[in-house]
Amino acid sequence: MKKIIALLIVLALCVAFAGCSKSEEKADVKGEGVMTYAQYVAAAIDSEVVVETYVQAKQSWWDNKATFYTQDKDGAYFLYEMPCTEEEYNKLTKGTKIKVTGFKSEWSGEVEITDAKFEIEEGSYTASAFDATSLIGSADLDKHANELVAFKGMTVEAYDESGAAFAYKNEAEKTDDLYFKASKDGKTIDFCVEFYLTGKDTDVYKAVEGFKVGDKVDIECFLYYYNGVNPHVVGAAASK
Amino acid sequence: MIRKLLSLFFCLLFVLALAGCHGSQGLDPFEAPEEFDLSKRCEITFWAKNDTNKVQTKIYEKAIADFEALYPNIKVNMRLYTDYGKIYNDVITNISTNTTPNLCISYPDHIATYLTGSNVVVPLEDLFDHPKYGLGGSEVRFDAPKKEEIIPQFLRECTIEGRTYALPYMRSTEACYINKTYVEALGYEIPEILTWDYIWEVSEAAMQRDADGTFLVNGQTIMIPFIYKSTDNMMIQMLRQKDAPYSNEQGEIAIFNDTTKELLYTVAEHTKTGAFSTFKIDSYPGNFLNAGQCIFAVDSTAGATWIGSKAPLLDISEDKLVDFETVVRPVPQFDPEHPKMISQGPSICMFNKRDPQQVLASWLFLQYLLTNDVQIAYSETEGYVPVTKKAQESEEYRDYLSRCGEDTSEHYEVKIKASELLLSNTQYTFTTPVFNGSASLRDAAGQMIENTAKSVRRRQTIDDAYFEKLFTDVNALYHLDQNDTGAIEKSSLGPLPKTALTLLIVLGAVWVLIGVWAFFNLLRRKKADLPH
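Protein chains in written order, with my numbering: chain A, 79 to 318; chain B, -11 to 520.
Just chain A, same shape as in the assembly:
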């Protein structure tokens, strides 16, 4: 009898744990009138969209607007130049849940939400990087557009004919973006260290300045597009 009771308790625990795990992974429950990520993806360019999402990172605030990298548990949304006061900008910290109403747009291949309005809601979520290394060069990578992703074991390639491992947009002053290329199994990605997201004093900017052609590196980035995949890098380190 004791054995049966013990077995039942173990089974009950297992079911309970499984239940917990499932509730953590399940998709967001959206408010009324709010699109799911799938509905957002299906929406036509230039149509109005309403989404609930969580701030993951932000570019610097200027002239009462800022650009945000946001993501829910199903996918990511890039909010381009969303109007906000400096006070609001300061409140939009990593993980903050916001309801965004704007227009789905596409600029140079980047799908984004423009002319947006937002309101802060209760809730918090911080995404961990999805390992997209195996998707390099495949159409499936596009399904993770704007998400925080990781590319592991990448080899730093020469950026241009000069043989340099990276290039500054403004070489003299280092007050602008930084570019580099890295490949895996012969497939190359053009990366960008976006200055307004991670400036010259950040660890990632400095790490890329230390790159040498042939280095093996792990890269964490938001999967941004500019005439093709052109991720905005937020982490770079030697491959483990």
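Possibly wrong hints are sitting among the right ones.
[To be verified] Pairs of lysine-lysine, BS3-like flavour, derived with a Cα cap of 27 Å:
#1 K247(A) <-> K230(B)
#2 K278(A) <-> K260(B)
#3 K230(B) <-> K259(A)
#4 K63(B) <-> K247(A)
#5 K298(B) <-> K341(B)
#6 K252(A) <-> K284(A)
#7 K195(A) <-> K268(B)
#8 K63(B) <-> K143(A)
No lab work stands behind these hints, which were simulated from the structure alone.
Given the coordinates of chain A, work out where chain B should sit on it, guided by the hints.
Coordinates of chain B only, in the frame set by chain A:
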């Protein structure tokens, strides 16, 4: 009685002292020294701009090195920007702390805003004529251009409220870069001067698709026949070509008129069919052109090295590049007999400093940037033209132009043709009036096209009511209704406003009353102290 008069006197003195404070924070007007002190070490700062082009950076560096060799007592520190807007923002920030650079590259619209401070920017007329250090002066150690050798039209563009506050550095205009291969495939020929009707007609013809949605002209699923980079220029040029109001020299805003509305209706019509779009909505016109997804791409002549299937600079991957013949033409016109096109490009202004010797050193370097060495080298990096006749007519520059198409780098055909476009049409170029607020008006002009195009794409109703609201919204957004039309630099901030003067008089009067009260109080006490 004497005490009362004394009190009144001190109060008046106080009022005068306060009034004197008004406007005393600025620098004194610059007066050119008779001699430049070659024994005194002098350090100047130059804020420059390049087009993310390393060759341009090297030209600046060489110019500085050559100049410092001529004037060993002058050290030039350069700070490079890739964006005019950032220079403007930094200058505005630094004006308040008197930490402006000595020289900076700017647009005249921006300089007009710098002028709202007192003696911030140095007017240059006196320096032009300085017998020793003026343009081509006797003591200048290099072959500087004389005033009459600067293209008069370009120099006039640096005049604000009758005074010259900058020298032109480079000039460009806009060009329409055309995929000739596709135009001919559509059954059209390209005229020497494009008209707007022609552009719209060919663009609409290019919208034909097969049953699968593939465009017939390029066999792709993407085709935006006409893309405009700077919609502010688009609106400004269209209005000028129609002789319609925009603004006047006094800064009165006249852009919200029926012609503007009529033009926006046309923009809406062709946005609706998909024949027209803008850089802000889709991306760089040159990228679409190079990918065979655009037929008419309007962009600056200073961006010509990015245009064409053999362009030395590319922003799209090689596999997306399409082979086609590129033709360069002036922007479309309403009256091809009387073409009108914008003149644009960087000018250089000089900031006032406490040390006149430092300002004179800046002036010498400014002149140096107009020498043939710098002008020719820099203009060859893009579809710019030199701003002096001396450079334009030089053998070296003529040789450069004559070698058009010899290679796809230094003598890249599209780049040189873009330069030739401006050289042969300089007489048809114009600029808009410059005043404090003209930069905002320019932004507003473009915003109306952007908003209209976006609204059409978002299926909003475009009618008179829409434009009425658009005019109101844009007017408010850019504060055009609050434009301070007469705010350009004065020698001082002028007489005190009546309200300020009234306040100071009231303050003075209060002090008088306090004095009177204190006097009587003292008198009463003395009386009280007297033995009864």
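Verification of the supplied hints:
no., hint, verdict
1, K247(A) <-> K230(B), "violated, 40 Å"
2, K278(A) <-> K260(B), "violated, 43 Å"
3, K230(B) <-> K259(A), "violated, 49 Å"
4, K63(B) <-> K247(A), "holds, 26 Å"
5, K298(B) <-> K341(B), "violated, 48 Å"
6, K252(A) <-> K284(A), "holds, 11 Å"
7, K195(A) <-> K268(B), "holds, 19 Å"
8, K63(B) <-> K143(A), "violated, 39 Å"
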